[in-house]
Amino acid sequence: MSNRAKLSLYVPEPNARPGERPGFEHFEIPAAGAVRCPDIGAPERELRDLPYTLIRVLDDQDAAVGPWDPKLSTDTMIAGLRAMMLTRTFDDRLFRAHRQGKTSFYMKSTGEEAIGAAQSLALDEGDMSFPTYRVLSWLMARGYPLKDLVNQIFNNAEDPLQGRQLPILYSARDYGFYSLSGNVGSRFGHAVGWAMASAYSEDDKIALAYIGEGTTAEGDFHEALTFASVYHAPVILCVTNNQYAISSHAGIAGADETTFAAKAIGYGIPGLRVDGNDFLAVWAATEWAAERARSNRGATLIEFFTYRAEGHSTSDDPTKYRPADEPSAWPLGDPLDRLKRHLIAIGAWDEERHAALAAELDTAVRAAVKEAEKIGTLGKSKPPVEQMFEGVFEEPDWRLIEQRREVEGL
Amino acid sequence: MPSMNMIQALNSALDVMLERDPKVLIFGEDVGYFGGVFRVTDKLQEKHGLKRCFDAPISEGGIIATAIGMGAYGLRPVPEIQFADYILPAFDQLVSEAARLRYRSGGEFWAPITVRSPYGGGIFGGQTHSQSPEAIFAHITGLKTVIPSNPYDAKGLLISSIECNDPVIFLEPKRLYNGPFDGRHDQQVKPWAGHPDAEVPEGHYTVPLGKAAVVREGEAVTVLAYGTMVHVALAGIEDSGVDAELIDLRSIVPLDIDTIVESVKKTGRCVILHEASRYGGFGGELTALVQERCFHWLEAPVERVAGWDTPYPHAFEWDYFPGPKRLATALHKVMQD
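Residue numbers (numbering that gives the first Met the number 0), protein chains in the order written: chain X, 0 to 409; chain C, 0 to 336.
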């Protein structure tokens with residue numbers, strides 16, 4: 000022992016803390032269009048460069064370039080822009096509603112809107128997504144009623160989840176949006192099971208799962224990848240790498256040594272690493288993985304490289320652990336802004352129409368909040384108390400019946 | 000009617016359900032080609048095909064997570080956990096997901112899964128092949144927990160569990176797989192053949208969940224037991240000479256409270272017997288329920304005979320396992336109170 004060098008525990012630290020200059024210089028960001036787009040039938044062993052690069056379509060001049068350009072129609076891109084703008088407008092309005100004491104909790108998805116919006120539009124109606132709490136844009140792209148979202152957030156008498164669930168932990172089966180839960184990662188394997196069930200049933204539906212980069216450290220991530228690989232499950236497994244898990248930088252989840260997309264290699268499934276703020280790149284990668292899944296070629300892991308532009312939740316102050324100006328230094332920009340500029344560049348959009356759409360969405364969100372407020376905000380209105388005892392089982396047992404009577408008698 | 004041991008009865012239940020419902024599928028460690036380490040899934044893959052009964056990676060969390068996803072899709076998976084001692088890596092899936100899915104989604108999704116797992120001691124299984132974890136599941140709102148004690152019930156309860164739209168933890172007393180075991184470990188263990196409860200119909204039938212069975216009628220004291228302890232209780236009652244009424248709970252969630260209360264009101268005394276360690280065990284809940292509902296009828300404090308509050312030991316198998324002698328002692332004690 001005495002003749003040997005002393006060991007030293009390494010603890011990863013982020014490049015910048017509060018008061019320091021944001022440090023994103025070390026990120027290698029390939030030019031848009033630089034990454035090859037292999038045939039969907041390519042074997043995994045021929046795809047092992049892809050997890051270490053970054054698939055990008057929108058370039059610095061706002062043009063869509065390269066082999067991953069999904070060549071979307073203008074209408075589709077405008078639908079995507081609309082979903083992203085609606086998500087951000089809703090987030091800002093409901094964050095404010097929390098500060099006004101109308102609800103107990105809220106989480107924004109600012110900066111990550113392209114992911115859910117593009118994937119929601121790219122997949123089919125019968126496909127099922129297994130979301131995290133930061134994929135509101137999936138629902139916005141599919142036209143989920145705004146009022147019902149606010150009713151859930153206010154937990155009022157018309158809450159679609161009957162007041163049982165924390166705000167924003169939605170469930171929307173008809174919109175291909177699986178029930179959310181507060182415990183992270185535990186639904187990643189459900190998506191694999193759902194996909195296995197679709198294959199078992201000789202259906203043509205696929206599943207899509209989300210997990211944050213922080214949660215890839217959970218055992219659920221490994222389990223899901225193992226099962227997806229073993230049974231060639233028709234599933235798209237998405238890691239949203241937004242650089243932060245609450246206050247912990249991605250290095251604490253393993254990002255300093257490898258990429259999250261590269262984790263796919265050890266499981267023998269393709270791994271793609273994609274510019275998460277590039278609506279067109281998100282779409283293209285999703286379509287590629289979906290085609291593989293639908294043709295019985297199995298699962299794909301996609302890392303969406305993005306940045307959590309706001310605090311983790313209404314209970315978090317990010318200036319306590321990262322530079323206050325870091326969001327504006329993020330090198331991949333803002334997903335709304337990038338798609339907007341592209342649409343303008345191709346002559347399909349202009350500032351006037353953009354302002355008009357922004358105003359329309361703002362009015363719609365305000366109206367939804369107002370309508371939900373009429374029913375009631377948290378604590379001012381709630382579903383009938385017997386709902387507390389429903390849904391534990393298909394039919395309540397004697398305990399639940401007795402306890403319901405006890406509550407009603409109080 | 001054919002005579003089956005518990006393994007054959009469980010195999011028959013799975014066979015019937017695979018035949019009857021294309022949404023039923025079975026997976027778990029070694030359950031496919033090999034037919035399971037206890038033979039419960041023997042020949043099911045051969046008969047019903049690779050996709051209906053297949054092997055899974057050694058990943059309890061992954062097995063239950065995928066089963067829940069399959070259930071949400073609309074299938075009726077029957078995953079196996081090789082030993083109940085190894086169910087804990089799947090605990091988060093069972094507690095946070097399977098048990099809560101219907102409630103939290105406002106009824107949009109649910110998990111009609113039946114998790115089969117061999118449990119219990121008396122087999123020199125040591126610390127990780129002997130545990131009885133039913134109390135930790137009983138405490139989880141949204142899970143049902145079922146424990147058969149004989150081949151007839153095993154098949155009927157398993158079919159009911161698979162057909163149930165709620166998640167069921169189906170614990171199989173492995174000590175009873177081949178024959179009824181009454182705790183008299185120094186005597187030759189008899190096979191199921193010839194036992195009246197080993198007469199098992201070939202086809203489909205059910206034993207309802209939440210319905211206890213009165214195994215022995217008596218007037219002096221009520222004994223509550225389940226699993227292997229039902230047979231230990233019969234031996235203990237015989238040894239004690241006390242005219243005890245024995246109730247096999249069969250499912251502990253939902254619990255057949257009416258049968259329990261009716262019996263204790265009649266006898267005025269109650270002894271609870273389980274293998275699991277005592278502190279925080281399901282016996283505590285049973286004691287509280289009996290006390291709350293039968294207080295004015297009770298003539299003695301409720302007694303609990305259970306495993307000790309230690310990990311399940313190897314060399315001390317018969318010092319730990321609550322045998323007929325300990326029950327007989329408890330029966331004499333409550334009769335003197």
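Calculated directly from the structure, the hints in this document are not laboratory data.
A quick note: this is a predicted structure, and the numbers were derived from the prediction, not measured.
Heads up, a few of these hints could be off.
What the hints assert, rightly or not - Stretch-level coverage of chain X by chain C, calculated; a stretch enters the list once three of its residues show a Cβ under 8 Å from a Cβ in chain C:
hint, segment
1, 31-37
2, 193-200
What the hints assert, rightly or not - Straight-line distance between alpha carbons at most 16 Å, and here's what the computed EDC-like set of lysine to aspartate or glutamate pairs gives:
hint, chain 1, residue 1, chain 2, residue 2
3, C, Lys50, X, Asp255
4, C, Lys264, C, Glu291
5, C, Lys210, X, Asp396
6, C, Lys22, X, Glu201
7, C, Lys46, C, Asp20
8, C, Lys50, X, Asp396
Glycine residues also receive a C-beta, built at the ideal position from the N, C-alpha and C atoms.
Structure-based check of each hint:
{"no.": "1", "hint": "31-37", "result": "violated (count 0)"}
{"no.": "2", "hint": "193-200", "result": "holds (count 7)"}
{"no.": "3", "hint": "Lys50(C) with Asp255(X)", "result": "violated (41 Å)"}
{"no.": "4", "hint": "Lys264(C) with Glu291(C)", "result": "holds (12 Å)"}
{"no.": "5", "hint": "Lys210(C) with Asp396(X)", "result": "holds (12 Å)"}
{"no.": "6", "hint": "Lys22(C) with Glu201(X)", "result": "holds (12 Å)"}
{"no.": "7", "hint": "Lys46(C) with Asp20(C)", "result": "holds (14 Å)"}
{"no.": "8", "hint": "Lys50(C) with Asp396(X)", "result": "violated (35 Å)"}
Checked against the numbered hints given earlier, this structure breaks hints 1, 3, 8; the rest are met.
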